[in-house]
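Please build the complex by placing chain B on the supplied structure of chain A, with the hints as guidance.
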Amino acid sequence: MVANFAAKRLGKELQKINSSLPPGITLVSADNFEEWLLDIRVLDKNPLYEGQIYRLKFRFGSSYPIEPPEVTFVKKDDRPIPMHPHIYSNGIICLDLLGSQGWSPVQNVESVCMSIQSMLTGNSKNERPPGDEEFVRGNRQRPKDIDFYYHDNTV
Amino acid sequence: MSGGEGASTPFLTYVVVKAHTNPWLSTDFDFDDEPPDLGIHKDIHQKKKTAYDISFKVYKPEDIQKQQDDLINEVNMILDIRKEEAAILLRYFRWNKERLIEDYMDKARQVLEAAGLAQSSAKPPPRLETIPGFVCDICCEDGEGLQSFAIKCGHRYCVDCYRHYLAQKIKEEGEAARIQCPSDGCNLIIDARSLDILVTPELAERYHTLLNRTYVEDKETLKWCPAPDCENAVECSVKKKDLDKVVPTVQCACSYRFCFGCILSDHQPAPCELVKRWLKKCADDSETANWISANTKECPKCNSTIEKNGGCNHMTCRKCKHEFCWMCMGLWSEHGTSWYNCNRFEEKSGTEARDAQAKSRVSLERYLHYYNRYANHEQSARLDKDIYVKTEKKMVQLQKESGMSWIEVQYLNSASQALQTCRQTLKWTYAFAFYLARNNLTEIFEDNQKDLEMAVEALSEMFEKPVGELADPKLKVEIMDKTSYCNKRRIILLDDTANNLANGAWTFNVDFMTPTPASGSSSRR
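Residue numbers (the numbering used here), protein chains in the order written: chain A, 3 to 157; chain B, 1112 to 1636.
Just chain A, with the same shape it has in the complex (with noise of 0.2 Å):
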């Protein structure tokens, strides 16, 4: 029952994404209700993404959406991680928005990759978190039980 709430709601938005996605946002998979793949890649000519793709795997709960997916980059061939001071090289994001603390079930994948999107947007910084290299050693932990600070507003 509880499975059948994540892909109800699931279901209702891949039928949306199907029928249309903002510009820059593009589906790559969605074969099950688990786990999808989206492209996205940065529309003004911020020289830092310009020219790029970026991949984003979401994976999702049983309680999605009333917990937030996890949503991190994927590296391949040519698709890279992003450069941004709230993207770690192994591809976690530190953003508000996927902590239980600033999710809000009434997001949805598409929002998430709008948010994205408009991280790396207003970001002029090309550099890592600071501890990045130390962090992405260490870290075995899944991204939502790190616990993140957040405070910066502008990117």
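These aren't lab readings, by the way, just hints derived from the structure by calculation. Mixed in with the good hints there might be a few duds.
[Said to hold, decoys possible] Cross-link-like lysine-lysine pairs, in silico, DSS-like; alpha carbons within 27 Å at most:
#, chain 1, residue 1, chain 2, residue 2
1, B, Lys1419, A, Lys77
2, A, Lys59, B, Lys1419
3, A, Lys127, B, Lys1505
[Said to hold, decoys possible] Pairwise CB distance ranges, derived in the manner of DEER restraints:
#, chain 1, residue 1, chain 2, residue 2, range
4, A, Leu23, B, Glu1283, 28 to 34 Å
5, A, Asn20, B, Pro1339, 33 to 39 Å
6, A, Pro24, B, Asn1298, 44 to 50 Å
7, B, Glu1283, A, Asn20, 30 to 36 Å
8, B, Gly1244, A, Lys10, 38 to 44 Å
9, B, Gly1285, A, Gly133, 52 to 58 Å
10, B, Cys1365, A, Ser102, 44 to 50 Å
11, A, Ser102, B, Gly1244, 47 to 53 Å
[Said to hold, decoys possible] Computed footprint of chain B on chain A, listed as stretches where at least three residues anywhere in the stretch have a Cβ under 8 Å from a Cβ of chain B:
#, stretch
12, 24-33
13, 59-68
The structure presented is a predicted model; accordingly, all values stated were derived computationally and were not measured. Ideal Cβ positions, reconstructed from N, Cα and C, are used throughout, including at glycine.
Just chain B now, with coordinates in the frame of chain A:
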């Protein structure tokens, strides 16, 4: 008999200590420091409050509930707002009723908004409704007859989604006092009455338990008794900034003795900060402790241990919501918009860390001297306890064999208790002494320590004697004398130490009595 030596040593001690501390004494302290007559020490300690006594009060769960209810009722009457809303306001003001009322009278709108409440209106409290044409934004259901719910902000969701949402917050996140409307960016808080309409009784109970917890955690003067399964809270007015002057040891109704300042078990005579350092130091050689000290810090406000495992330097304590900078531990608000770069940190911390390391190497031998004695008392206290458990059985035997009554064998009980408490105290005297600079006061302290230690070891030895010998009336008298002597020596030692601490007379070899600049600025105005 030990009475003679007991009367002479404290006398001497007292005089010297007083002479020493005199230049430091403020006039008001002189007054209660005055021992009326040193000859009648024994009686004084039963009547007069010692310097280390502090006042505190123990509250049972029902008392805690009642306190909240009383405050809520009062605010409910004075401000004419619903009880569940009064509760939210009080929580926002950390149960400071006076400030709440004052602020509310002054600027009701802002206060309501900041606390997460809608403007008061005459509307009836929210209830389940079936609205034609309603579509739930969470599950996208739009079936006819779909029951929905909205708090005052009007963000309406179906009952199922609301329940899921609340269950997630309460069960998975342990949140209660600040569960907000599910809508994105809506800060309105879901009140207790709405919650009770929506969730199962089991979940509601959990919710109310969590709420009760926040009451104690929100109030600086209240702390939970840390003993396992004890549900009491203790009220004590000793403030965090006074912890360098006093060691606030309290005893819960469950008989557990603990320090109100740091919630560790009784660590008199050593002040909290010293204890913290000592424990950290003692645990230094274990990998876990190394990891903790390398990867965690304490919240400068509530002392919760925090691990930072990613993200930026802007920390918000989960427990007390204090916002600070991970780098310098200072208030976040003072950082302005300067991102997560805290430049103040680098040079200072670097030298501090290096200094600390060098020091600890040089003093390793000295440290081991104190540590071994500290650990020994901890170990012995455990052994004494074991022996007492065995002795307890033998006390029954003793009653049968020697014809002593129950009351007549209770001296063993008292002796065991004295051994436990004195060893606990002795244990911490070694941690304390480790941090003392060498001077006359320290020597007096060590004399007191030696006296207590010798007495305790002597008592411990008598206590270990086989049951057959314990029946000997002569030994019984000796044990009783030694017991009371131990207790007396302990009081003298604690009294002396507490007095000097209150007067700031101790000289420590490390500077831990002045808080770090960052935490200092946040606790003062």
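So, going through the hints one by one against the coordinates:
no.	hint	in the structure
1	B:Lys1419 - A:Lys77	26 Å, holds
2	A:Lys59 - B:Lys1419	25 Å, holds
3	A:Lys127 - B:Lys1505	76 Å, violated
4	A:Leu23 - B:Glu1283: 28 to 34 Å	31 Å, holds
5	A:Asn20 - B:Pro1339: 33 to 39 Å	56 Å, violated
6	A:Pro24 - B:Asn1298: 44 to 50 Å	27 Å, violated
7	B:Glu1283 - A:Asn20: 30 to 36 Å	32 Å, holds
8	B:Gly1244 - A:Lys10: 38 to 44 Å	19 Å, violated
9	B:Gly1285 - A:Gly133: 52 to 58 Å	27 Å, violated
10	B:Cys1365 - A:Ser102: 44 to 50 Å	35 Å, violated
11	A:Ser102 - B:Gly1244: 47 to 53 Å	32 Å, violated
12	24-33	violated (count 0)
13	59-68	holds (count 3)
Checked against the numbered hints above, the structure breaks hints 3, 5, 6, 8, 9, 10, 11 and 12 and satisfies the rest.
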